[in-house]
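Visitor: Quick note: the sequence shown uses my numbering, first residue 1, plus one each step.
Bear in mind the hints are in silico, worked out from the structure with no lab data behind them.
Glycine included, each C-beta is placed from N, C-alpha and C at the ideal position.
Do not take every clue at face value.
Here are the computed distance ranges between Cβ atoms for each label pair [said to hold, decoys possible]:
no., residue 1, residue 2, range
1, G176, W14, 32 to 38 Å
2, P117, M25, 18 to 24 Å
3, E13, N144, 50 to 56 Å
4, W14, G59, 32 to 38 Å
5, E13, P79, 40 to 46 Å
6, E13, S151, 20 to 26 Å
7, G173, L8, 25 to 31 Å
Derived DSBU-like pairs: lysine-lysine, alpha-carbon spacing no greater than 30 Å straight-line [stated by the list, open to error]:
no., residue 1, residue 2
8, K45, K164
9, K164, K174
10, K45, K174
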Amino acid sequence: MEQQENPLLELYEWLESGIVTVVGMLLLFTLIVRPATVNGPSMMKTLHDGDRLILQQAGYHDPQYGDIVVIDRTGTGEPAIVKRVIGRAGDTIDIDFTAHTVRRNGELLDEPYVNEPTELGYDVEFPVTVPEGCIFVLGDNRNNSLDSRASEIGMVDVRRVMGKAVFRFFPFGKIGGVS
């Protein structure tokens with residue numbers, strides 16, 4: 001003889017599963033990872049306007065050279081920006097806009113990700129030394145990027161780093177890791 005299930009018990013189990021799933025997703029997307037959107041062309045050809053990213057948040061407090069990070073601009077009225085870490089605390093960064101070179105601590109950087117030679121300068125005088133608790137960031141599309149070369153962005157306090165871009169999930173044709 002078949003045993004009939006109580007419809008209320010079945011509904012309760014579905015609701016319980018749904019609530020656990022929603023709470024789990026909320027915790028995942030607020031504490032461990034979070035989505036972000038690329039705004040503008042400053043990271044071309046690596047990333048494009050409208051690309052959707054997953055950021056690593058949990059345990060990410062020490063940005064490394066070459067990391068692509070999202071920087072919070074709360075209080076400026078501007079959206080978050082996506083940039084590449086070029087310098088860390090104590091580093092001296094020197095950009096020669098005539099020779100189109102970037103040096104960190106006297107070493108010429110090999111930057112295969114750069115869209116075109118670095119020609120655009122802003123109001124920051126070089127060389128500069130990155131202060132404690134800060135990073136120096138540049139966009140990969142150097143001649144169309146507002147970044148640490150401009151005092152408006154300047155040296156970025158690491159507490160403003162929302163996370164490291166680790167995965168692109170949109171557009172679907174470009175799904176994959178980010179570097």
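Visitor: For each hint, tell me whether it holds in the structure or not.
Guide: How the hints compare with the structure:
| no. | hint | result |
| --- | --- | --- |
| 1 | G176 / W14: 32 to 38 Å | 35 Å, holds |
| 2 | P117 / M25: 18 to 24 Å | 44 Å, violated |
| 3 | E13 / N144: 50 to 56 Å | 54 Å, holds |
| 4 | W14 / G59: 32 to 38 Å | 34 Å, holds |
| 5 | E13 / P79: 40 to 46 Å | 42 Å, holds |
| 6 | E13 / S151: 20 to 26 Å | 58 Å, violated |
| 7 | G173 / L8: 25 to 31 Å | 46 Å, violated |
| 8 | K45 / K164 | 18 Å, holds |
| 9 | K164 / K174 | 18 Å, holds |
| 10 | K45 / K174 | 12 Å, holds |
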